[in-house]
Each structure stands twice: as structure tokens, then as C-alpha cells.
Amino acid sequence: MDLLLSPQLLAAALIAGALYALVALGLNLIYGTMRLLNVAHGELVMLGGYVAYWSFSLLGAGPWPALILSPLATGLLGYALYRGLFRRLLANSALAQRIEANSLLLFFGVSIILQNLVSLAFTATPRGYQPFDAMVDLGVATLTGGRLLVLIVAGIVTITAVLLLHFNTVGLAIKALIQNREAASLAGIDTEKLERWSFIAGFAVAGLAGALVSMVEQLSPFMGFPYMIAAFVIIILGGLGNLTGSLIGGLILGLLETYGVALTSPNYRSVLVYGVFIAVLLIRPQGLLGRAQIVR
Amino acid sequence: MKPVSRLLPVFFFAAMASLPLFAGDYYQGVGFQLLMWIALSQSWVLLSGLTGYISLGHAVFYGLGGYLTVLTWHIVPLPLAIPLSGLTAALFAAMIGYPVMRVRGPYFVILTFGLAELVKYIVINVEAALGKFGRLMMGAPGLSTLYWAMLVLAVAATLLVVLIGRSRFGAGLRAIREDEPAAETAGVPAARYKLAAFALSALIPGMVGGLVALRTSYFEPQQIFSPTISFTVVTMAMIGGSDRARGPIMGALFLVLLSELLWANLAELYMIILGLLLIGFVLFAPTGLDGLLRRRIGR
Amino acid sequence: MFKKWMGAALAVAGLALAGTATAQAADSVRIGFSIAQTGLFAAAAPSQLNAYELWKEQVNAAGGLDVGGTKRPIEFVMYDDQSNPEQTVKIYEKLITEDKVDLLLAPWGTPMHFAIAGVLEKHQFPMVGNSAASVQLRDLKPGNIWFPTSAIPDRMAEELAKMLTANGAKTAAVLTNQLPFSLEIKQFLIPALDKAGIKVAVNDEYPPDVKDMTALLGKVKAANPDAVLALSYPNDSILYMNQMKEAGIKAPFQFVLVGPTIDFFGKMFGKDLDGIVTIGHWTPAKADWPKAKPFFDAYVAKFNANPDYLDSALAYMSCEILEQAVAKAGFDKAKIREAISTMTFDTINGPVKFEGVQNVTTPTSFLQFQDGKAQLVWPPEAATAPYKPRT
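Protein chains in written order, with my numbering: chain A, 8 to 303; chain B, 199 to 497; chain C, 376 to 766.
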């Protein structure tokens, strides 16, 4: 009982939830606005991680530049891919009809290419660094510096994103875009520009998550997959296109990871996570906060 | 031209049947793999190609069937165990099919993926509880026997797609793919048809899983429930064409040949080329090789 | 447009193919193997591949591999098995029947070794394994495959229990990743601990994709055991190392299964790694093994990173064994088989001799990190430094 009520566990739940929410945010920005299934999302996290690692090792300016450089790098990649590939997909009406399936495959191709390019460039040898290994005593809980940073940065970014969505004009425009592209366009919103920026933002956020992850986990070219899975599970759980939903979904996953395990047993961690996910979907096929469709 | 192209699958399987006569161990192994991918992709097409419900968790049936074969190893004779594995997978699909097929679009895609992972972790827990850490199956049948078994499965899977594709059931499935509410209005029993497709699509993979477990004579949940299998199946079907029986054959053949060509010391390069091809296919040949062929020769 | 893409792809393919049809010296020795360059095991395999490459470079620099008297340069025929045992089976069949290589080296990983045992048996082609450890290895028929590792789960469990007893541990927590190797060790460890009178206060498993261990470690902290045995893999080993500090676990004996021996781990944890015990039977600090330190130094010089104290050492050992067997027996498979089964080999890990498929000379040992260096701390007779409880 002690354990369940401990602030340490709560902190762990928040850290896990915040990181999950951050990773999911990036994915939702791309799916929600353009219905593109980015299965290369994990690779973006991986790339962000590598940029962070190299900036730390080569620049000698500590780990902080990574928090800017990683999102910048992946954001640029996003811009390039958008111009080069996805604009074409979105513009072609025949392809756009089965946009989920086609984007799935496009991104799958991109993910394979990214993984293997990185493997060729840096070999598959795992790397790791811990710029913040000092323990931070918060009085109620003790955290490794790196994990505290994850909580702070991920927490700030995700909450800001959700607030922006509700209160800022651009955020509201995105929300409108997610709800109904045509109507948003009629309302005078420059949908193409917005989509482009959402795409880039989604990539950038993934890169940022990668930078954070690199400070607490090992890096290798094929590490992205679990992040992609987790991101998809969360955005589906929360309801596609619903950014608040993915925040909640991320928190739920974080809670399952910590409290769920504490209540049952560590054995069942993954069974719980996927079990809850499937149970939610079977009961509510549109996710927790997604828009309902009549299904039989 | 027309009759020839229709008979392509027949020629193909005839060639595969005669392969053991003149090919050594290695090429038989390649043939075995090719047939395996065809069997898996065809059964995927049966579900996802026809109904449009893209499944990213096809490995779950494959894994379940493999697990059953492993569990009944030395307890049930193989000629019985393999079909049993298929039936178990199909039964599993039938049990969960109704609620699962209520989920649509990308929700369905990730649901199937989550399902495969869930089953994987359940099996991991079961194996751990049983005190098993990877199972060695000594004395499994050799490649020659397994090859014939796989050939039978590949032919069966292709036949299923051909027959169903031409049936009313198949037409109903395609109608569901085009526009589900409209199909229902037109009288297609969508829920029942989807369930049937789901269950049927599990039958062959279940048996394939058993055969592959025997081939490597080693079973471990992480290997057999691998998402790579699901993804490769989708890739082959999309490259080959996911509407008709010819598609997966061409898709699998193309990818297997490509990998044979590019293998030597070029692991990462092969994968990169594959990625590029995938992108190329989506942007420039969305109906797959089958679609290209049709455009060229009209059938 | 599509045609252009196809054309480009095929052109690249053609070039690639042409590029690999390198002029093969007629007298070079072709050694084939597969390695996981992509997929699940890709992060773990480089430590083995690097050792292979280092060995090849060193042997070629010295004039080539001694084949029953004549020296010939080594050439590798390597394929990517994509971390898939089925692929590995295919590759080894290809290496033997199509590529007709002269010798074979091992793939990475226990499942792969098991998968190809049948192929080796069928073609009667002997191969020295390395990165495989399981009691099931003993079920394999000897004659075509051998395992130099001494880190076999049942032996490890016994020795670990002995080591705990020797250091006065009365209680232990066992945390197990649900992967085959760790599960197998646990299978033997719990009874061994019970037999030694050590109370197992916490005994939990967790799946390989775990992302947080706070709940689990909270339990461990509450139980306050003398020893924490984390049967973990690199990802969760990292989690353990970080979250164990957060939870304030101060057990004097801490064991982490897979991770500490890898180069990046030391870089990541620095001083925190000191005191951690892990599996391994090789260290460059052992003066009795004159080849040990030179290997370490050569590896560092070539790859700018430390070798993996377990995997790299084993991989290199398997090469040394092959080298010495071939020097005596040439390529004759029967003679090689005879040689490997009977000779005592001089490796970077000291002498190695096989009985059946197993190495019976190297004792099951444990390493401990002290001042950033891996020391052999168990068994005491073979130790390079005494075990020091973690402070």
C-alpha cells in the first residue's frame, strides 16, 4: 500500500506518461491533420537521438544544444519529405482515396531507408551517454537528472500544445483542419500551409522526444519500433486526431506501466497495456475521445 | 494472351512442384520460403485485400498455429497437428472476429497490431509459467517433406482467393471494401461476411506457422510473433497487387528474387533499395505488379 | 515515370551485384557465416562481428591462415540473417552447398546456433559456436558444433548461489526478463538459492519491452535484500541502473546479467558501474593469459571502443580454436572434427578443451567492475581481484 501511495511511483508514472504523450503528439499532428499513417515515427525518434548523441560528443557544449538541434534536424527532414513525397500523395486524388493505406506504405519505405542508412553510417553498435546522471532529490522523490528533464520538457511541450489548440488562433485553425478540411478551407484557413507546418511540427516533436530518450536509453538504428507502436496505440486509444485524447492516452499508458504493474505483477505489464488498449477499442471502436461512427 | 496470363499461377505451381527434382538443398529452402510467403500473403489478401480492412497483425495466426504445433509435438502426430493448428487459429479468429471487425480504418490497423502483440505477451507469460525458455524440437521432418506440405498450403491459399474472389461472398466483400454502408443497404450481410473472412484468413497461416516452427526446429514467442512477418506480408501483397490471386504470387516472387540478387554483403543496401521500391510502387504503381500486368495485357 | 524508377532500381542492383563479384584470389581461404545486421539482434551482433574482423585482419597481416602448413589469406563470405533463425538456416545451407566455403564461423545468438545444428549435422560440416548458452546445448549431437562458453545457466545458478553464500548474503531479490536465457537461468537459480539457504524475498518477471521499473524496485527496496540479481538485457539493465539509484537500493551485492560488458554501458554509467557483478569469463587483467591484454588493446585501437567482455571474447576464441585446428588438420572435415574434439587450445581466455559439445576447462565465472575495469572475481582460485561489496 505504501508503494502505491508513494510520490516516487507517481513521479515515475508522470515521466512515463509525459514521454509517451510527447511521442504521440508528433504522430497525431501528422495523422490528425492529413490522415497520414506515419510508421516511420520511431525512426524520427531514433534520428533525434543520434543527432543529440553526436552533438553531445562532438560539440562539447553539453547536452543542451541537442534540445534545439534534434527537432531542427527532424523538422528539416519533414519539410524535405513533405515537398518530395507527401505533397504528391495528397495531391493525387486516386491515391488520396486510400490515403491511410498508401501513406502507411510510403512511410514504411521511409522507415526502412532511415534505419538502414543510419546503420550503414554508424554501424549497429549501440551507443549511450548520460549527461545528467546526478540524482536530484525533490524531497518527496528522487529522480535521475535525465528522467527529470524528460518530465519537464515533455510535460511542458505537450501541455503547451494542448493549450495552444484550445486558445491560440493557429491552434484553433489546426483543430478546425482536423475536424473538417473543406470547411476549414472555406472559412479562409490556408490549409496547405497549415498542413505543411503540422507535418514539420510532427517531425520536430518526434526529434525532440528522441533527444530526450537518448539521455536515458541506449541508441541503435533499429530502436525506433517500440516508440512507433506506443505512439500508435496512444493516438488510437485517445481517438485519432484528438490531441487532448492522445495526452490522456499517454497518461493512461504511463499509469498502466507503473500503477497497473504495482497492482498486479510486473509479469503482466505488456499484457495489461495491450489488453486495455484492445478492450477500449472493442468497446468504443473510435477510441476514448474520437468521433463516433455507426458501426455494426 | 488472355488464357496464358490466367494460367500463370498454374504454371508457377507446376514449376515449384518440380523444383525438388533438380534443385539442391539451398534452392529448395528458397522455394520453401517463397511458398510460405505466398501462402501468408494470399490469406492476407483474403481478408485485407478483399474487404479493405488492412491488418497489420497477420502474424498472430501464424504464431498461434506454430505454438499449437509446438505444444502438441510428440503428443499428436504431425499430419493431425498441422491441420489442428490451422483450425485453432481459425477458431480464435472466429471467437474474436465479431467485435474486432466492428473497428474500422486505421483503428482496425492498429488494433490488429495490438492483438498480435497481446497474444505474443500472453504466450511469453504462459511459456515462462510452464518453465519453458525456447523449445527445441529434435527430429523434425526434413526439408523435402516440409516443402511438399508448404506447396500444398500455398496452392490451397491461392485457390481460396480464386474461388472466393469469384463467388458471391467475394463480391460482397469487395462491396464492403468500396462502400460498407452502401453494401449493407444493398443487402450484403456485412458483419457475417467480415467474420467469415477473418476466420478463413487465419486457417492457412496457422498451418504455415507450424511448418516453419518445424523447419527451424526452435520455437520462441518473440521470433514467431514477429511484426516483421506481418509487415512483409503487407508489403508483398501491396507490391504484387492485393485484389486477385496473381498479386501475392508476383509480389512474393519479386521480393524473394530481389533479396537473392542483392544479398551478398549488402544487407543494408538491399533494405534501402526495398524501401525505395516500396515508395516507387505506391506513388507510381498503386495497383501493384498485378495492376501493371493488367494494364499491359488487358487481363 | 515508373519505368525510370524500376530502371534505376535495377541498375543499382546490377551495380551492387557487379561490385561484389570481387576478384577472388585463387588461393584465399573462404570462411562463411551469417550475422544479424538488421532486425532484433542487430544492436548486439557488432561485438561479435568486430572480433571476427579483427581476427581476420591480424591473421592476414601475419601472412594468412595456416592451412596444414601453407599460409593463405582469409576472405569472409558474410550474409545478413535479419535476426531470423529461418534465414540463418537458409544461409548456412547456401554457404555449404552453393558458395562451397572452406570453413564456417558462427552466427550471433542461441536460437541461430540451434537452428543450424541440424544443417551442420546433415552436411557433416564442423563449426565452432560462440554466442550461445543454454542447457539444451547438451542435447545436441557432438561432432559438428562446439560451445566454448562457460556461462551455461545451470552452472551459473550454482556458482552464483555459492558466491552469494561466500559473501554472507542471506536474502536476495531476483528480477527476470521474460527472454529465454534469463528465464532459463532463473529456472535453476531459485532452487539453487533455496538449497543454499538464501531467502528469495522478491521473485518477479517482466516483459522485454518494459519501460519503467519503479513499482518493481519499490518492492525490492521494501524487502531490503542483501543481493539483487537483475537477470536483465541491455534496455532493462539501463532502466535498472537508473531506477535502482532513484529507489535508493543499497544492496551490497548487485548482479546485472546482460549489459555491463558492452562498451557503451561503461560510458553511460561511469563510476556507477563499479561494484556491479555480471557474467563473463574473460578479462584483460589476467596475467596468466598472455594473449588477453593484446587482444583488448588491438580491439580498442581498431574500433575505438572496448570489446564486449563476453561476446567479443567468445567470438575471438572461436576463431582461435578454428585457426589452431586448421593448422593441424587442413580442410579435411573429419580431421578438423578430430582436432577440435581432442586438442587443448591456447586462447585469449587461457586453455580450452572440449568434451562433447562443451568447454570443460574454463570455469563458470563472474566479472565485477572495479575502477572502470572488468575484474574476474569468481571463482576465487582464478580471480584477478577480490570481490568487493558495492558501496
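These aren't lab readings, by the way, just hints derived from the structure by calculation.
Treat the hints loosely; a few may be bogus.
[To be verified] Here are some, though not all, of the chain C residues that point toward chain A, as calculated from beta-carbon distances under 8 Å:
1. R530
2. A598
3. I637
4. F640
5. M643
6. D647
Think of the CB as a built atom: it goes at the ideal place given N, C-alpha and C, for glycine as much as any other residue.
Quick one, is the F640(C) hint okay against chain A at 8 Å, beta carbons?
Since chain A brings a Cβ to about 7 Å from F640(C), closer than 8 Å, the hint holds.
Per the CB criterion, is A598(C) less than 8 Å away from chain A?
violated, 11 Å
For the hint on M643(C), just tell me whether its beta-carbon gets within less than 8 Å of chain A.
holds, 4 Å
Quick check on the hint: I637(C) CB to chain A CB, less than 8 Å?
holds, 7 Å
For the hint on R530(C), just tell me whether its beta-carbon gets within less than 8 Å of chain A.
Cβ of R530(C) sits 26 Å from chain A, so the hint is violated.
Should the interface hint for D647(C) be scored as holding, given a Cβ-Cβ cut-off of 8 Å against chain A?
With a minimum Cβ separation of about 7 Å from chain A (threshold 8 Å), the hint on D647(C) holds.
Hints 1 and 2 from the list above are not met by this structure, while the remaining hints are.
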